[in-house]
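Chains as they are written, first to last, in the working numbering: chain A, 1 to 277; chain B, 1001 to 1487.
Just so you know, the hints here were simulated from the structure itself, not pulled from any lab data.
Think of the CB as a built atom: it goes at the ideal place given N, C-alpha and C, for glycine as much as any other residue.
A few of these clues could be false.
[What the hints assert, rightly or not] To give an idea of the interface, some chain B residues facing chain A are shown, with a C-beta separation under 8 Å as derived from the structure:
| no. | residue |
| --- | --- |
| 1 | His1197 |
| 2 | Gly1261 |
| 3 | Asn1267 |
| 4 | Ile1268 |
| 5 | Asn1272 |
| 6 | Val1274 |
| 7 | Met1277 |
| 8 | Ser1278 |
| 9 | Glu1281 |
| 10 | Asp1290 |
| 11 | Asp1295 |
| 12 | Asp1297 |
| 13 | Pro1299 |
| 14 | Lys1305 |
| 15 | Pro1421 |
| 16 | Ile1422 |
[As the list claims (entries may be wrong)] Over 12 Å on every C-beta distance to chain B, these chain A residues come out as not near it, computed from the model:
| no. | residue |
| --- | --- |
| 17 | Leu54 |
| 18 | Gly99 |
| 19 | Lys126 |
| 20 | Glu143 |
| 21 | Ser160 |
| 22 | Arg177 |
| 23 | Leu182 |
| 24 | Ile190 |
| 25 | Phe194 |
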Amino acid sequence: MNKIVRKVYFSENVVMFEVEAPLIAKSRKAGHFVMVKIGEKGERIPLTIAGADLQKGTITLVVQRMGVSSTKLCELSEGDFITDMVGPLGKATHIENFGTVVCACGGVGTAPMLPIVDAMKKAGNKVITVLAARTKELIILEEQMRQLADEVIIMTDDGSYGNKGLVTTGVESVIQRERVDLCVTIGPAIMMKFVSKLTKQYEVPTLASLNTIMVDGTGMCGACRVTVGGKTKFVCVDGPEFDAHQVDFDEMLMRLGGYKDIEREDMEKLKCASGIK
Amino acid sequence: MNITEERSTPWRVALREAIKPKDRTTIERVHMPALDPVYRSHTRLEEVNLGLTPEQAMQEAKRCIDCASPTCIEGCPVGIHIPTFIKNIERGEFLEAAKTLKETSALPAVCGRVCPQEKQCESRCIHLKMKKESVAIGHLERFASDFERTSGIISVPELAPSNGIKIAVVGTGPAGLAFAGDMAKMGYQVTSFEALHEIGGVLKYGIPEFRLPNAIVDVEIENLRSMGVEFINNCIVGKTISIEDLKADSFKGVFVASGAGLPRFMNIKGENLVGVMSSNEYLTRVNLMDAANEDSDTPVFLGKKVAVIGGGNTAMDSVRTARRLGADRAIIVYRRSEEEMPARLEEVVHAKEESIEFMTLRNPIEFIGNEQGRVTQMLLQAMELGAPDASGRRLPIEVPGKTELIDVDEVIISVGVSPNPIIPQSVIGLQITKWGTILVNENTMQTDIPMIFAGGDIVRGGATVILAMGDGRKAAAAMDKWLKEGN
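If we strip away everything but chain B, and leave its shape as in the complex, we get (with noise of 0.2 Å):
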């Protein structure tokens, strides 16, 4: 069904006749129940967002006014059918709503939680022309999605008959998740390589527990377990195995999704000090490895004084996981104004209750050390903001002859990250751009070797979770067009 049809079936014409546009309109949004802020920032695996109640949901679910064009799809990078699911909520058909997430998105308790929705579905909401805020569409999904599982009743998306071509897919994360998940729901064969010993990529070692618990994201990948979808852990195609191994074990097609998981750092003097890591280190071994638990092999530093360097969601991510682990202070330091920060306003939100400080303006250009060769202070250097460069943010400028020391016991740098580098150097033929992500058709995420595609991270640099996906999708359409062409 076509979402033209959806919205014209009878229980929908219905529903949305029994309430004026403008009454729902004059709804007030629901306010997301959180974990008590000190709490909280002291419990490391509690979810931060408890979830909405089926009333909540319900009554959120009428604010939406089930627009006959609506544009928030268009925001959607994986075009779920909003109005329909949340329609369904409406109605008190909450597996129809999950049902409909799961057409479009193969990840639909991950994306409601960690998508920047005020940027994508949400910034393009009816509602918010009427400077009214826009209808909770993550909190709405992830309360759909959320309820099916924990209902027992999980439902798996219609395949299609078994067409018997194999398909590998390198890379667990979003990307790779997203297009076997399409992949298998056309009767394709899929085998999914992943590097480390966990499936699911940033969504494991990277996104903490108090905002994606590593239980939903198993939930999710069962579920493609579940529609045929094959992993293979602890494998790295470039490494163990070769395109070439793959080609000769007659799969058809390959779709690389390695990610960008190569962390840059700042090239400033005493970056190599003990107690200065990257925030994939400090949250691989802390959300990965597990290693703040007595129980775990693993070891990680547990600072008092604990700065992270940058102002992303890895950086949001980095810094309240310090402070959950014990840190009396845990710094954001961050070159640009709050205003430019690139993470969500949610974390940030989030971050400053849980007592978070924010020295903007200031950008580390030294970490000193003690004997040992531990890191014990920084010297930050005060920034200015200038005229804004060619992305629209406005340069942070060095304020000359202003500087101020810090004492730290643990540095975190969270300044971005590079594409992995080793599909791109094992592939012969492969293009790559300066940037070290590999070049692909726009349109069809189809490189210069005709049977690999790719998306994400790998494609985009450091992008977001739901990119990747959207990267993921487009991938598998193009590459079952051009399967069926007979390439």
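Chain A on its own, in the form it takes in the complex (with noise of 0.2 Å):
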């Protein structure tokens, strides 16, 4: 059981936890994540680590309430335990000099980007933020983000803050401004998928952190498997950083909506039974 130490509502459904984890701080690296399951009858979920306070022995993670098991999370309050939570798990980002990466993210993506944004500065490149969102209000971790990054470009569909338009909008501005050696790129498998398609055009190295529909996220049973190269990988331990050039994003979103029925029948029995709106 682990202990939710702080919960900071960055906005109506996003909610930013500190939770105590004294041995994942420890082992995690950027790019890590962890399954947590809520209450006994709970499913396992994945989420990735924002960050971790080595001497409070807690990581953060950052979730936006979507299905059922997110929306349980999203209810517990300072003081709660995660039922179960298990990790760090996946294989950390690869971090090196590479010189210029830009960070593409959109919505609660931006949490796991923090800790790559500053790996990849103290390893001494140059970084260029876009955060993306719908609307002002989604726009999470902005001082955050400055803090570490050199610059950090904001983009929003409708154009209430920073500039209006997608991400790519913003990534590609700084691919015609100046050289880019490297792009991460972290959000909704839409928005990946399309970051993807630009940055070949432009053949800048893209890695994209994958987010598929998870079980045990230990390699054991192959839910999360996705194209690479023509090949099946896991997700889970393979991953959940790959070569976006690489991966087949029309089949990961087909699997991605595999459960979309019942998941859609589950939120409203959960909703009918809590009283969530």
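Take the two lone chains and join them into the complex the hints point to.
So, in structure tokens, the structure goes:
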């Protein structure tokens, strides 16, 4: 059991948790994730680690309320416990001095990008972050990002803050302006697909951190499998980061939708049972 | 007491003299009572085999002639004193029988249910030489351990005085549990680390309730706890903590029993369609996550036309689970003939009674899906058997041009597993074979890093529960010797 020591609302549906997990805090690196389970009958879901405090022995998770499990997690308060948490899982981000790195993140993908920006910067890279969201209210962690990155470009779909447009517009503006040696992207699968398409045109090497369906998270089941370069890979042990230009995003999107009907039913049930809107 | 001394105790001599061996061999073998096939194929949580009554067990125990040199023991990977426990059943001392089992086996209630006895102890029974059916050792083992469990008088094996030496076990499947039990008996302070949120490994996530109820596994785990074994779940050695961390925490020995959890796929077209999954994923969802239960947050597809690819016990578990979850057609697709199937005979018989269809000598070459990416059909290639391969099994060969298209809405791939790579990848200097298994000295289960021993599927690839337990016992004996000799 892992105790929640701090809970902060970034927006109505995006919550940051600081959770006691001294062993994970000690061994995690940028790019790692944890599996969590809420309640006895809970399912196991993956969450990328957004940061850690070694002194306090805590890790940071940022969660967006989407389905049954993320909703149950978001309903927890400071002092509550996460029933089960295991990690750090997956392969850590490969960090070296590439030169100039563009980090393209959308929505809650900004949170797991923070440790990558931090590590890339420490390795001597020039780091430019493109932060994108639908509207101003959904831009998170801007201050923290500004402290770590050399430059932060904000993009909103509706133009309510920063520049109007999608994340790809921001990334393209950087590529047209200067030499980019690596792009890292974390966000919804559809967003990563389009970032990958764009950078492929410009031949900018790109890493995407994939967020597939997982069950155990330790390589035991293959629920998270994706096709990368024509070969089947398990995101939980071979990833979560892959060469974006080799990823079959259409197949990944199709697999992500596999349980949509069941998820919708379960969400309806949860709403009825708990009165959540 | 050794086996010869046990055999010459007066009560045992008297039992032997009461009935002539010849008369014992003429008694018919008992039949395990089972749930009605039609009823059970719609109930997911009830065990199929119901267990013997005390009368049946005592009658069956009479069949054992109490050989002077019992070969059945040689057929048991953990060397259970088989005639001793059986003779205790014959004289009605069921708790004594259970105690005998626990001297050598950490999980008798499990083994009595899932061991392929026909290939092990029962294959060496003297009755077979006389063209009779072997003594039902597995059924009797199950009877004795079930009797003890339900009696409420559960014995804890005698423990040696604590020696204060800390030992770590990686993984809580059958190999790890057997090792932990033996080390605890020898006075070691044992901590077992488990990656998942539940203790038990394949006994929990793999083998379904209808063959091995989780409650039974939990009782055996409780038994180990009462012997002083500590269990830590949600902790992955090699990820959460390292072997170096264990060393720094003054652990003197590590037994790696992390299993062969990595499922193999077939690498054919359409394999990543929605509705196609590994048997590990399917069984984990249903068994560990209880996905078919309304209250569970984990979803599972409830296919109506389910094909399971493979012929092992995992394939049988998957297809019988699919049937219980409401499949109208639940089909086994196997590329060899039924004779070559590695699954236990009992499971095949049970599956057939539950109206599972067997499509043998066929192999899928493509899965076909609809616009949503859901699997709707599979293309099967007809096969025939060629010459035997190195293992003696006849090789399946494609029959040119002979294919058929079958409608399916769920496909479960059960064509084997590979060793879990976490420990092999995270421990520098550990020798690994080309199959990804950990290399050990076969006599001691010791790796080339002296403090690390390994056993079970991480050494063997996918094998059986009892072989894993045998490795655990062997490793415990060897590690004890190694530690006492002052390494």
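Evaluation of the provided hints:
1. The interface hint given for His1197(B) holds, since its Cβ lies 4 Å from the closest Cβ of chain A, which is under the 8 Å cut-off.
2. Look at Gly1261(B): its Cβ gets to within about 4 Å of chain A, closer than 8 Å, so that hint holds up.
3. For Asn1267(B), the interface hint holds, since its Cβ comes within 8 Å of a Cβ in chain A; the closest pair sits about 7 Å apart.
4. Among the interface hints, the one on Ile1268(B) is violated; its C-beta lies about 10 Å from the nearest C-beta in chain A, farther than the 8 Å criterion.
5. With a cut of 8 Å, the hint placing Asn1272(B) at the interface with chain A holds, because the nearest CB-to-CB distance is about 6 Å.
6. Evaluation of the Val1274(B) hint against chain A yields a held restraint, the C-beta minimum of about 4 Å falling below 8 Å.
7. For Met1277(B), the suggested interface contact is upheld, since its CB lies about 7 Å from the closest CB of chain A, less than 8 Å.
8. Interface restraint check for Ser1278(B): the shortest CB-CB distance to chain A comes to about 5 Å, inside 8 Å, so the restraint holds.
9. Taking 8 Å as the C-beta cut-off, the interface hint given for Glu1281(B) holds, the closest approach to chain A being about 4 Å.
10. Taken as an interface hint, Asp1290(B) checks out: its beta carbon lies about 7 Å from the nearest beta carbon of chain A, inside 8 Å.
11. At about 5 Å, the closest approach between the beta carbon of Asp1295(B) and any beta carbon in chain A falls short of 8 Å, and the interface hint on this residue holds.
12. Given hint, Asp1297(B) at the interface with chain A, holds; its Cβ is 4 Å from that chain's nearest Cβ, closer than 8 Å.
13. Satisfaction of the interface hint for Pro1299(B) is found here, the shortest Cβ-Cβ separation to chain A being roughly 4 Å, below the 8 Å cut-off.
14. Interface hint status for Lys1305(B): violated, as the beta-carbon distance to the closest one in chain A is roughly 17 Å, over 8 Å.
15. Below 8 Å, beta-carbon pairs count as interface contacts, and Pro1421(B) has one with chain A at about 7 Å; its hint therefore holds.
16. For Ile1422(B), the interface hint holds, the least distance from its beta-carbon to any beta-carbon of chain A being 7 Å, beneath 8 Å.
17. Every CB of chain B is more than 12 Å from the CB of Leu54(A) (nearest about 15 Å), matching its label as outside the interface.
18. No Cβ of chain B comes within 12 Å of the Cβ of Gly99(A); the nearest lies about 30 Å off, and the non-interface call holds.
19. For Lys126(A), the shortest C-beta to C-beta distance to chain B comes to about 32 Å, beyond the 12 Å cut-off, and the non-interface label holds.
20. Every CB of chain B lies more than 12 Å from the CB of Glu143(A), the least distance being 31 Å, so the non-interface label holds.
21. Chain B leaves Ser160(A) outside its interface by the beta-carbon criterion, the shortest separation being 35 Å against a cut-off of 12 Å.
22. For Arg177(A), the shortest C-beta to C-beta distance to chain B comes to about 38 Å, beyond the 12 Å cut-off, and the non-interface label holds.
23. Once the 12 Å rule is applied to beta carbons, Leu182(A) is consistent with being away from chain B; the minimum gap is 25 Å.
24. Every CB of chain B lies more than 12 Å from the CB of Ile190(A), the least distance being 15 Å, so the non-interface label holds.
25. Distance to chain B confirms Phe194(A) as a non-interface residue, since its nearest Cβ pair spans about 20 Å, more than 12 Å.
Checked against the numbered hints above, the structure breaks hints 4 and 14 and satisfies the rest.
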